[in-house]
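Peer 1: Now for the letters of each chain:
There are 2 protein chains.
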Amino acid sequence: MSIYQAPLADMRFNLFQLWKVQQFWSGNNILSERIEADTASAILDEAGKVTAELIAPKAQLADETGVQWQVGNVTTPEHYKVNYQQLCEGGWTALSGDPEYGGMGMPKSLATLYEEMMCSADIAFSLYSGLTAGACVTLLQYADETTKQHILPRLYSGEWSATMCLTEAHAGSDLGIMRTQAKPQADGSYLISGSKIFITAGEHDLTDNIIHLVLAKLPDAPAGSRGISLFLVPKFMLDTNGHKTELRNSLQCGSVEHKMGIHASASCVMNFDDAKGYLLGEPNKGLAAMFTMMNYERLAMGSQGVGAAERAFQNARLYANDRLQGRVVTKDANKADPIIQHPDVQRMLLTAKALTEAGRSFSVYVAHQLDQAKFGEDQNALAVASLLTPVTKAFLTDRGFDSCVMAQQVFGGHGYIKEWGMEQWVRDVRIAQIYEGTNGIQALDFAGRKLFADGGAAIQQILQEIAAGLSVSPQPALSELLNQYQVLIGSLAQQKEALPSLLQSHACDLLDLTGYLLFGHMWNKTLAALGDCIEGEEFIASKRQTADFYFSRIMPKAYGYLHIVQQSLSAINPSLI
Amino acid sequence: MSIYQAPLADMRFNLFQLWKVQQFWSGNNILSERIEADTASAILDEAGKVTAELIAPKAQLADETGVQWQVGNVTTPEHYKVNYQQLCEGGWTALSGDPEYGGMGMPKSLATLYEEMMCSADIAFSLYSGLTAGACVTLLQYADETTKQHILPRLYSGEWSATMCLTEAHAGSDLGIMRTQAKPQADGSYLISGSKIFITAGEHDLTDNIIHLVLAKLPDAPAGSRGISLFLVPKFMLDTNGHKTELRNSLQCGSVEHKMGIHASASCVMNFDDAKGYLLGEPNKGLAAMFTMMNYERLAMGSQGVGAAERAFQNARLYANDRLQGRVVTKDANKADPIIQHPDVQRMLLTAKALTEAGRSFSVYVAHQLDQAKFGEDQNALAVASLLTPVTKAFLTDRGFDSCVMAQQVFGGHGYIKEWGMEQWVRDVRIAQIYEGTNGIQALDFAGRKLFADGGAAIQQILQEIAAGLSVSPQPALSELLNQYQVLIGSLAQQKEALPSLLQSHACDLLDLTGYLLFGHMWNKTLAALGDCIEGEEFIASKRQTADFYFSRIMPKAYGYLHIVQQSLSAINPSLI
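Protein sequences appear in the order of chains Z and A. To convert, take the position in the first sequence, counting from 1, and add 513; that gives our numbering. To convert, take the position in the second sequence, counting from 1, and add 513; that gives our numbering.
What the hints contain is simulated information worked out from the structure, not anything from laboratory work. Where hints are given, some of them may not hold.
[Claimed, not checked] Some residues of chain Z that are not near chain A, with every Cβ distance over 10 Å (derived):
1) H592
2) Q654
3) K848
4) P851
5) Q892
6) R962
7) D1061
8) Q1080
[Stated by the list, open to error] Coverage of chain Z stretches by chain A, computed from C-beta distances (three or more under 8 Å per stretch; other residues unrestricted):
9) 637-646
10) 794-806
[What the hints assert, rightly or not] Partial list, derived from the structure: chain A residues whose beta carbon lies under 8 Å from chain Z:
11) G934
12) Q1007
13) C1021
Note that the structure is a prediction, hence the values are computed from the model and not measured. For glycine and all other residues, C-beta sits at the position ideal for the given N, C-alpha and C.
Using the sequences and the hints, build the whole thing.
Peer 2: Structure (structure tokens):
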């Protein structure tokens, strides 16, 4: 029952008028050879078709079907196999891969919009190829040349897929205490033993082989997170030419989890029993290597929030235009108006719309920083992307969840019924707030680790950018919030020495505050870019209305968080909770 | 896996030290005959046993089993039949019923705590007896004496159950456009035809008979909501002595809905095909009669929010004490502390705790106002209860949902897995924000209809109460918020004439703002009552810590909403959403 159309006009606007990525592309040695605005537009159009026509219509069927586990094998919904083949044949699994190994080498700013569409279409399905793309980033950086030549082309083609095996039953956010062991062998390989849980796509029937990236400890490893190494562990062993053999490695999927949502994503218990593995990168430096992948995934998580919210919003808007209840315009007691006429329904829809569109702008912004860092070797851009990665992951998924709940609410009782398809988005997107590092962990990363790193250079750079945006497009409400935020940051920088737990205690509130401020910046930059917009009068008028709603009806929430983080802390006694 | 213990100490504290209901009871002619503090305490203890030991342990089984529909019959989980019988035998279905017809006549302030425990134990199960209790309130007021004598004792005993049949597929929040028809018959009865949806407990196997309260239109009825009448429509016809016969009325359950949660609650499509019914109350005055029941249910909805959050919180606290991740106290890199040591986990737990305990105080407060209105004929108390009914329904369920989501988040990935039982509470409590009038409808009732009724007498009375509380127990943060709220209310009262859509547009934000203010009042009254508290040092210290957390880390959110409702409104063009 649930519709979806890719928001292509807004995606083009974001790339070409708002962030003007084509200017960077054309001036960059590498990207100018690979991509230009017209090609990017055509790729977006095609991605819009694949996701909206092929994948999106069967997301509900996938939810109902789920995955089935039987003696170590995992069966995905029947249509996943067909759609996955189409994805591979269309080259979509290679979109951001390195051209040296068969990838298309597209910039992240474009790839992030494809990822959003995939998540709008079917979050569970998106994970099979999504995690593979992340694993490739780590392999590209840490694998030796032969391994890259053997494995990357098959991951880019979608012939094989990949996983990240971090979590153990007793070690989730705290990887330092993991128990999986790696025993060195005479031939330079290792035997990996241990049990990993929550392994997305750990076992499934979509690809011929699965390449596991596994964190484990060497016998002489230092304690804690400084003693973790990363290993490549294939499901089927490869021969010396890198071809898959029929020899199965000593690892098995012990079961799949029964979850609140993303039912068709296989969340596997993976048991490694002296499985043969190969060290990636240096011994005991595995966490950093894995974080190359994790950071990639954390940005992709933001796209899950935006993608889910976009789809939920589109359906809520359609319903609000169709559903007749109450009288706003009509005076006939036997008739009723579409509920979109009611101010409170408008509030719910515009809240979801304003947060989703700002989230999209934010994704493209951060992705573009990553492109500038990667292709332009811009260290400032890298610092900004690093600071904003946890904000992207947490704020976009939290607001994505809020938006899905609000879109469900527009449906009234029908929103609670499975048939209408709205409750699935609430259940599915809920995981994005949890996995790849809970949003609380993101907040600690943001406030505790990154905010004041380098003397706060990155946040100051961002604040200057907001101020520069205001000088072009004055927005009193945003100016006022920016001023108060600047004062706060100055005050926190001083207090953090005296009270180290302050930033930990206020981390989530501080992240939310920062998110509302930055979304204000997104909307202000949007207003400034509307002069260049070529998407038509209605598009422009809609943007103006939504921006106005954001500044007057959403952004003021920031003052709640501002009040909270200005409070001094009392000591908390855990035994009294 | 999910634990539950009834929070009896806090319930006693709320009744006897915080709101001192026993003083009203002992001074009241009717209640002094029925109840005293010791009896009430014993009832709470017993309710705590029944709900925690009998019902709560099988809520997860009920979720997995759900209800089954077959050719008009609905089967509930096997253990529901056993537990329902126990509930009846213990007299729990008669708790707040009128003693003249076999009820126990307990005050609402006590009954609301029983309802909370039932919702903590199993929301789906609680609905079978919960709706019956609501229907009895309407029958008591609108049925003739013979009907009351025939039906009420069997509803109080739990032998029969009752429903409220309002919603039709095209008529949800807007009952005025309903189509169900009632044709008058020569014998004074009516033939009811039409189809109702979302009828909770419309058909099931727990009772011998089901009494449907059905809204329908008479042939000559005025258009809209002024033309709706209320009918009593039994599933099995009664003989002249009020005994159930084997003659089935012409009505049937067409199907049950598949829902996000409360799987074991039968949400039925009910088809009435010339079913025999009897008018309740006056023709065309059915909506008012049904609202007697609706208002009762709306307060009970608040208890669903509190009950779900209480259970989710208890489990999250237990998990946070057991789960070892990260190092706060310990310095050993191979060890880890319970996550309750982490400031951000403390934030999540204390947020859920502060909102849940304030929600409980709020429920008892409003219920006590209803008791004072009913047993003491106190018109001021009635006005306060009427104003706060929509706040109870919306704010307590919204914060209950937030708290369940937060408690789920404490579990990290395990919170998303069905086995741990946390995701069920998120799915189950979500419906409480939707049914019995969506929370948006509640906000319109509060801000649009009631806030400025009688020149705002009720809200002024409440604000004076808050001020009086502050004079006993000074709390600068609450004083400041109260002052700003008073200014706002004055300003809104003036603007509402000029801009009628203002209160509709800001209704939800205004309700949230009011809720955070009133929860501040709850915590301030709690602090003032701790001097009388006899629940022990630890209880008192825990209350102080939680109150402190509320004032410094939760209540400031009100300033976000305050900023929003102070904004002037721009006209919204729905076609640009």
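Peer 1: Against this structure, judge whether each hint is valid.
Peer 2: To see whether the hints hold, each was checked on the structure:
no., hint, in the structure
1, H592, "holds, 21 Å"
2, Q654, "holds, 26 Å"
3, K848, "violated, 7 Å"
4, P851, "violated, 8 Å"
5, Q892, "holds, 30 Å"
6, R962, "holds, 13 Å"
7, D1061, "violated, 5 Å"
8, Q1080, "violated, 4 Å"
9, 637-646, "violated (count 0)"
10, 794-806, "violated (count 0)"
11, G934, "violated, 11 Å"
12, Q1007, "violated, 19 Å"
13, C1021, "holds, 6 Å"
Violated hints, listed in ascending order, are 3, 4, 7, 8, 9, 10, 11 and 12; each of the other numbered hints is respected by the structure.
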